[in-house]
Amino acid sequence: MDLIHPHGKADVVEALVEATELRRRVLVVGGRRHMDKGNPCEVDAELWTTMLDGLVYYEPAEMVAVVEAGMRVSDLQRMLAEGGQEWPVDAPDDATVGGVIAAATSSPRRLSVGAVRDTVLELEFVTGDGRFLRSGARTVKNVSGYNMHRLLTGSLGTLGVIVQVAMKLRPLPAARRTVWFAGGLDRARALLDAVPTPAAVLAGPDVVELRLEGWPEQVETEARRAAEVADPVDVSEDAPFPSQLPWEDHPVVAEVAVPPSKLPDVLAVAGDAWGALAGVGLAWVGLDSPDGPLDVLRARARAAGGIAPVVKGPGGLGADAPPAREIHRRLKAIFDPAGVLAPGRSWGGI
Amino acid sequence: MSGPRGAGGDLPLGAEMPEGVRFVGPVPGLVSGWKGRDFPADEDLNMCVACGLCLPHCPTYRLTGEEPASPRGRIAAMRLVGEGRAGVDETFAHFMDLCLTCRACEDVCPSHVPYGRMMERARVQTEPLHSRRTRLLLWLGLDVALPRKELLWLAAAFQPLATPFLPRRVRALVPERGELLARLPGTTEPQGEARGTVAVLSGCVQDRWYRSANRATIRVLARNGWRVVVPPKQACCGALAAHYGRLDTAREQAEQTIRAFQGHDRIVVNGAGCGAHMKEYGDLLGTDEARAFSAKVRDLMEFLHEEGVDPPSGGLGSDFTTTRVAYHDACHALRAQGIREQPRAILRWIPGLELVDIPNGDRCCGAAGLYNVLQPEMSGELMRQKAEAIASTGATIVASANPGCTMQISAGLRAIGKDVEVLHPVEILDRAYRAEARP
Amino acid sequence: MADVEAARRALEEALGPAEVLSEPLALLLYARDSSMVEGGCALVAFPRKVEDIVACVRIAAEHGLSVVPRGSGTGLAGAATPVGEALVVVTTKMNRILEIRPEDRLAWVEPGVLNLDLADALTPHGFTYAPDPSSQATCSIGGNVTTNAGGPHCLAYGVTSNHVLAVDVVLPDGTVERLGAEGPEAAGYDLRGLMVGSEGTLGIVAAVCVRLTPLPQAVRTMLLDFETAEDCAATVSAIIASGVVPAAVEMMDQGIVIAAENFAHAGYPTDAAAILIVEVDGNNATVQAQAAVVEASARANRVRSVRVAADEAERALLWKGRKSAFGAVAQIAPHYHLHDCTVPRTKLAEVLSGIYAIAKRHDLTVTNVFHAGDGNLHPLLSFDRRAPGTLERVLKASEEIVRLCVDAGGALSGEHGIGLEKRAFMSLVYSEEDLAAQACVRAVFDPAGLLNPHKVLPEDARCAELAMLQGMDAAKAAADMPEGSWI
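Protein chains in written order, with the working numbering: chain A, 3 to 352; chain B, 416 to 854; chain C, 6 to 492.
Please note that a few of the clues may not be correct.
Facing chain C, according to a computed beta carbon distance under 10 Å, are these residues of chain B, among others [said to hold, decoys possible]:
hint	residue
1	R437
2	D453
3	F454
4	A456
5	D457
6	L460
7	N461
8	H472
9	R487
10	D504
11	F507
12	W764
13	L768
14	E769
15	L770
16	V771
Please keep in mind that the hints were generated in silico from the structure rather than gathered at the bench.
Fair warning: this is a prediction, and the values are worked out from it, not measured in the lab.
A virtual CB, placed ideally from N, CA and C, is assigned to each residue, including glycine.
Kindly produce the complete structure, drawing on both the sequences and the hints.
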């Protein structure tokens with residue numbers, strides 16, 4: 003396996019021009035934290051982004067940061083915390099910014115912070131054949147041309163190598179609290195009805211973790227309203243969220259995404275190592291193998307109008323073909339004419 | 416536009432457009448398509464920036480979703496004619512005809528575009544395009560009959576005979592019979608000391624077919640200390656003629672009305688369409704005399720609210736049970752005169768009366784002068800919607816201060832089989848006063 | 006050469022004669038939207054269901070017409086201005102709210118549903134639809150999707166893209182696809198994210214799945230007035246720097262305040278150099294805390310007065326003035342040219358004074374109303390088109406304003422889109438290669454250039470792979486079976 007380790011953007015360009023010429027298949031690697039998401043694909047080389055880790059621009063008053071894609075999430079968050087802000091993605095510390103965006107996995111606080119894609123304002127990226135492109139703008143509102151940065155987000159490195167990101171930030175909450183309750187998804191939904199804008203309501207088979215963030219008075223009020231629904235089992239102001247991830251103990255973890263009301267249906271075949279976000283429709287399910295139960299889970303998710311890609315361990319994305327398959331193929335063709343960027347990794351084997 | 420572009424070049428960036436695209440504005444060298452002296456004025460037309468905020472308030476746009484049936488579209492059509500890029504043809508006439516002139520758009524227009532005035536002028540332009548039959552009927556109705564009380568009397572007299580021959584949709588609208596005998600008293604003295612004298616408009620259609628409203632008007636005014644005069648030489652105020660492109664007739668009628676009311680300082684009108692029009696005599700005639708006259712005109716409910724009324728001690732029924740009354744705002748009260756709270760305030764003083772608003776209450780009922788005759792489909796749909804909205808309130812009485820609306824709403828309620836009484840708000844007040852007299 | 010007559014007959018047969026307009030005067034009324042540019046069209050059609058849209062696309066392609074989708078026609082950049090031989094496909098008659106599902110926090114609507122009608126329909130369920138453009142009483146959800154519309158409340162809640170879960174679109178080849186999903190994630194590339202903001206050039210929206218936002222428990226709306234625009238802009242920065250993200254922060258300068266007050270009678274102080282409307286929401290406790298911070302920031306920057314709306318009626322009145330500003334500006338002069346650049350918040354005051362200087366230099370009146378919270382400016386140049394030479398001055402001033410904003414690190418358009426009017430400026434922010442790649446993205450969807458040509462990309466942006474894509478398209482057509490079509 004060859005290793006490509008560019009120092010800067012120009013190196014990336016050169017590497018991909020060459021890869022296209024030589025038909026050398028390349029896998030983009032950042033912090034190696036999201037490698038399992040995607041269909042299995044064969045490559046000839048890894049391109050490491052970790053040396054592209056510079057800060058380009060950060061002004062707290064703008065709530066925008068511009069960094070190179072190889073910067074580690076922990077370095078970024080530390081710098082933003084000094085400005086009283088965060089990039090609300092809750093990714094592992096050593097993941098890279100580019101990796102988080104290319105994988106577009108979800109934060110457990112998805113209910114309040116939204117999806118990764120909604121934080122990506124501008125991307126600089128290099129196509130499979132070495133074209134250096136920019137899409138978006140460094141302002142929180144922008145409608146100028148086609149949103150190629152939307153295509154790149156979640157594209158698992160199959161359309162281009164992200165080299166620089168402008169992301170939208172939010173203020174760090176002034177107060178945080180986690181409250182635990184007994185119960186499962188039903189309890190979680192009751193809590194969500196009582197507290198309409200918590201940071202998260204994470205349900206397990208028999209415990210619910212309610213995460214509150216915001217102004218101290220707000221957190222106080224919301225905690226009180228939650229306590230009217232059920233008696234809290236425990237409370238903490240400094241526990242990390244989530245505090246327990248039972249699904250992580252398993253070799254295979256699938257990230258189910260269905261309309262929230264369909265969660266019970268899908269979780270009925272999810273075993274007992276799962277965590278589900280009430281009001282969002284996301285659930286992480288720990289399984290022991292990539293066949294059998296995973297297939298059943300995927301069938302249920304599909305019937306509910308959703309998906310269940312694996313984010314840890316083997317299992318790929320699932321057999322679901324993406325909509326507008328022809329469009330997908332053509333987009334791949336224009337961004338990666340020689341098909342050198344992780345061919346086959348994305349949905350539908352693209 | 417062509418040539419080098421960009422900073423320092425001949426043309427600014429953003430000036431060059433593909434072929435067939437231009438920046439909005441008049442095309443040089445074209446001549447206006449208007450004829451005669453009454454047409455929508457350029458200054459008026461140029462006040463519209465096509466922002467589109469009027470669209471959701473226009474009943475015909477809500478029903479059709481089509482630009483030509485919206486105020487923005489109609490103004491654009493007028494502008495095209497004014498700029499010489501289109502002519503006053505049948506399509507143009509059709510677009511103008513579909514407008515209710517309810518003036519809901521004027522209310523919400525941030526630029527205060529005087530749409531009502533523009534439409535009146537546009538209708539003068541389109542008048543010659545109507546079918547000969549329509550033109551004849553309109554001429555007979557608006558130029559000949561309405562201004563002459565004797566002819567209206569004849570029409571009412573022959574109504575029973577003529578009714579079977581009227582088209583069904585007209586028959587459905589017209590009330591069963593008109594009053595032929597008796598007249599309104601020329602002068603009515605108040606009870607006790609007179610606060611002053613008011614002159615009332617008896618109206619054309621109203622006096623013949625809804626005279627009960629006029630009688631109630633006189634009684635209520637007298638009850639509140641006013642000497643009420645019904646000037647004998649008045650005829651039709653000319654509103655319908657103005658709305659249908661007959662500004663010359665309208666001007667004659669305006670002058671006649673002003674003469675008939677000479678010497679009066681308080682002129683009270685109980686029909687919203689009439690009152691609104693009389694308040695615009697200044698615009699229509701352009702004379703100081705007309706403007707002075709218009710300043711003296713008050714809507715009846717507006718007048719009663721301004722001057723104060725004796726709260727009635729009587730209720731609406733002999734047993735004082737709560738009567739639910741739905742209030743219908745005539746477009747020409749609500750918009751042209753800004754009358755909304757006054758009649759409601761007065762009705763709320765009546766014991767046992769529960770006043771409710773009608774859902775989507777500010778949407779035109781579809782009467783709109785002769786609209787119900789000329790545009791039956793659109794009018795019928797609006798009539799049905801209004802009737803159902805009224806029925807949904809559960810009210811047993813609906814208050815309507817305009818004879819056109821009263822006719823339309825009555826027909827609408829009949830059509831959906833709902834038994835709701837349609838009364839002028841002054842009739843409701845009158846009932847309450849009369850209930851006081853009972854032991 | 007398009008066969009308009011044959012197209013008309015085919016459309017009348019497919020949609021019904023009442024749904025096709027062909028009289029010259031009617032066509033002229035569809036020649037423009039609310040921007041400054043007008044074109045012309047050959048036919049107008051009103052689909053009532055998805056199949057009708059498919060028929061329009063198919064018939065237009067067969068007869069050589071281009072297709073221009075249109076909602077309420079309130080666009081400000083000319084994206085709905087038809088050019089050449091075009092069929093304007095108007096979605097106003099597809100105005101049903103199909104379903105509201107509070108348990109999934111979503112609703113499905115047809116593209117012709119008006120933004121405010123949707124919000125009103127959601128209120129009894131305890132929800133709202135957050136993106137609230139000034140034209141919300143009139144603009145359609147379909148139009149919102151294609152322009153990635155903004156609005157004052159997008160500061161805290163995000164733009165349209167954050168609130169569109171899925172769209173059913175009719176693609177230029179007549180197939181129908183659902184992009185996105187009702188759930189939080191969908192399979193494949195984010196084509197939904199690409200479609201939102203594509204200004205009617207990649208597909209025609211036939212149905213939209215929108216995200217429902219819970220109605221806040223409490224709202225506080227404040228009117229702050231200042232003697233200088235600098236103090237006003239500094240207050241905005243101070244608010245953000247203190248960690249408060251209000252639901253909305255809107256700024257209006259004196260000229261526009263006077264016009265808006267003339268219409269709305271909201272009690273705006275017409276002698277202030279600039280005013281801010283700040284709205285905070287959340288639960289009662291949060292609102293108190295945030296409002297206190299806002300007031301403190303304002304007082305630290307010499308605010309003259311702080312007025313808090315006492316009830317819903319007063320709040321509505323304060324917003325009425327703001328939201329009618331675009332129309333009210335017509336009181337100043339019959340025509341206006343509006344810009345939509347977004348600049349970094351910290352550059353607001355500097356850019357604003359630059360704009361005043363540019364207007365003065367070109368002897369034009371400029372007023373400003375804008376979303377100060379996210380730096381989205383709306384300078385309005387008022388003028389009378391009929392006075393000779395005025396248009397040229399307006400366009401020159403416009404170019405200078407755009408360059409000023411771009412140089413300050415801003416974007417060409419925050420919410421109105423590029424449309425026709427702003428294509429020429431694309432090369433100020435994107436490289437030739439960027440624009441060529443964008444052209445390729447467009448060609449992927451529409452190799453034949455059927456949908457809304459001449460919009461978004463400058464005329465000379467070309468996809469190098471166009472021939473390849475057209476070849477792929479032809480091969481697919483030859484293979485006959487359209488993938489994903491519904492009927």
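Hint-by-hint comparison with the structure:
no. : hint : result
1   : R437 : holds (6 Å)
2   : D453 : violated (21 Å)
3   : F454 : violated (16 Å)
4   : A456 : violated (13 Å)
5   : D457 : holds (9 Å)
6   : L460 : holds (9 Å)
7   : N461 : holds (4 Å)
8   : H472 : holds (8 Å)
9   : R487 : holds (8 Å)
10  : D504 : holds (7 Å)
11  : F507 : holds (6 Å)
12  : W764 : violated (24 Å)
13  : L768 : violated (25 Å)
14  : E769 : violated (23 Å)
15  : L770 : violated (19 Å)
16  : V771 : violated (19 Å)
Against the hints set out earlier in the document, violations occur for numbers 2, 3, 4, 12, 13, 14, 15 and 16.
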